[in-house]
Amino acid sequence: MKPSLLLLASLSLGCGTTSVQRHLLSAPGVPHSRPVRAILEGDPTPPSLPVALVQAIGRGLNADLPHLVEGLRAEAQLLGCDAIVQVRIARGASVATATGFAVRWASHPAAEVRATPAIDAPWAPPPPLPGPPAAPTPSDAPPPWSGP
Amino acid sequence: MRALRVLLLIALPLCSAGCAATRASSIPTSSELLPYHRGAVTVRALSDPPGARELGAVEASGEGSLDAVVEAFVEQVRGLGGNVARIDSVTPVIETRMRQVSQAMPCFGMRFQAGCSQSYLTPEEVPVVRLVGRALRVDAP
Numbered sequence: 774m775k776p777s778l779l780l781l782a783s784l785s786l787g788c789g790t791t792s793v794q795r796h797l798l799s800a801p802g803v804p805h806s807r808p809v810r811a812i813l814e815g816d817p818t819p820p821s822l823p824v825a826l827v828q829a830i831g832r833g834l835n836a837d838l839p840h841l842v843e844g845l846r847a848e849a850q851l852l853g854c855d856a857i858v859q860v861r862i863a864r865g866a867s868v869a870t871a872t873g874f875a876v877r878w879a880s881h882p883a884a885e886v887r888a889t890p891a892i893d894a895p896w897a898p899p900p901p902l903p904g905p906p907a908a909p910t911p912s913d914a915p916p917p918w919s920g921p
Numbered sequence: 002m003r004a005l006r007v008l009l010l011i012a013l014p015l016c017s018a019g020c021a022a023t024r025a026s027s028i029p030t031s032s033e034l035l036p037y038h039r040g041a042v043t044v045r046a047l048s049d050p051p052g053a054r055e056l057g058a059v060e061a062s063g064e065g066s067l068d069a070v071v072e073a074f075v076e077q078v079r080g081l082g083g084n085v086a087r088i089d090s091v092t093p094v095i096e097t098r099m100r101q102v103s104q105a106m107p108c109f110g111m112r113f114q115a116g117c118s119q120s121y122l123t124p125e126e127v128p129v130v131r132l133v134g135r136a137l138r139v140d141a142p
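As they're listed, the protein sequences go chains A and B.
Read in order, the letters of the first sequence correspond to residues 774 to 921 in our numbering.
Read in order, the letters of the second sequence correspond to residues 2 to 142 in our numbering.
To be clear, the hints were calculated from the coordinates, so they are not data collected in a lab.
Don't take each hint at face value.
Stated by the list, open to error - Partner residues are not named here, just some residues of chain B that face chain A (Cβ under 7 Å, in silico):
hint, residue
1, 46
2, 67
3, 71
4, 92
5, 93
6, 95
7, 126
8, 130
Remember, predicted model here, so these are calculated numbers, not experimental data.
No residue lacks a Cβ here, since even glycine has one placed at the ideal position from N, Cα and C.
Here chain A stands alone, though its shape is the one from the complex:
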């Protein structure tokens, strides 16, 4: 094979981009590098606190599921979240996009201790799936950070 073809093939492998954007719904946590779960829409979700609406867009060679989920997970880690829930995916010929909500588990220590350095506590496994509906908790009140 000619060197020019090899060069072209190696360049084409890099022809893909993944971009992520978000809209904050509540105060983010401290960035971490713990694993982040991705839960597709329709799958059961443990009780959680939504932090942001996130969208990943993959173009070219990055227009596939692994790159989109990896983009969502990286954004969730930046926001100090434990999971991306209600993940939905749409795919075209050269563009693919995925959306979801970055959430913190309701029982995670970070949910209560939001503004302290102790947020980087050892990783706790996700809580069990919800059972029968429980009484509303104080966390259902409108968040105090939703200013005018």
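Guided by the hints, dock chain B onto chain A, whose structure is given.
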């Protein structure tokens, strides 16, 4: 023919700009008609706040900035008098639009070759986000 070409060159960018705008709509589902809400609106997902009253159904969609789509959604909630924008579902969609492309081309038989170009339409895939939810009202305790 030349006039038609000029009209197309002017109208197509305008049309594509109009098609790219964020769109939103709402419909009241309650008999409670409230005035436009000028105060703070809380955006919520996954759960309703306690004691919330539903005022209407809201949808918004658009490409580009996620913040702009959410802002259009919130504006519809304000119009219904709500102070909580409840997002029920977020749907990503890939829409196919026609995009105008201008390309330089050789000007055969002309002395100056600087101004020769051709324009044509090419399909382009655009990622769009669609929000569906409700306008809620929560009275202060």
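Going through the hints against the structure:
1. 46: 5 Å, holds
2. 67: Holds: closest Cβ of chain A sits about 5 Å from residue 67 of chain B, inside 7 Å.
3. 71: At 5 Å from the nearest chain A Cβ, residue 71 of chain B passes the 7 Å test, so the hint holds.
4. 92: 6 Å, holds
5. 93: 4 Å, holds
6. 95: Holds, because the Cβ-Cβ distance from residue 95 of chain B to chain A comes to roughly 4 Å (cut-off 7 Å).
7. 126: Hint holds; residue 126 of chain B Cβ to chain A Cβ min 4 Å, cut 7 Å.
8. 130: Result: holds, 6 Å to nearest chain A Cβ.
Violated hints are absent here; each numbered hint is respected by the structure.
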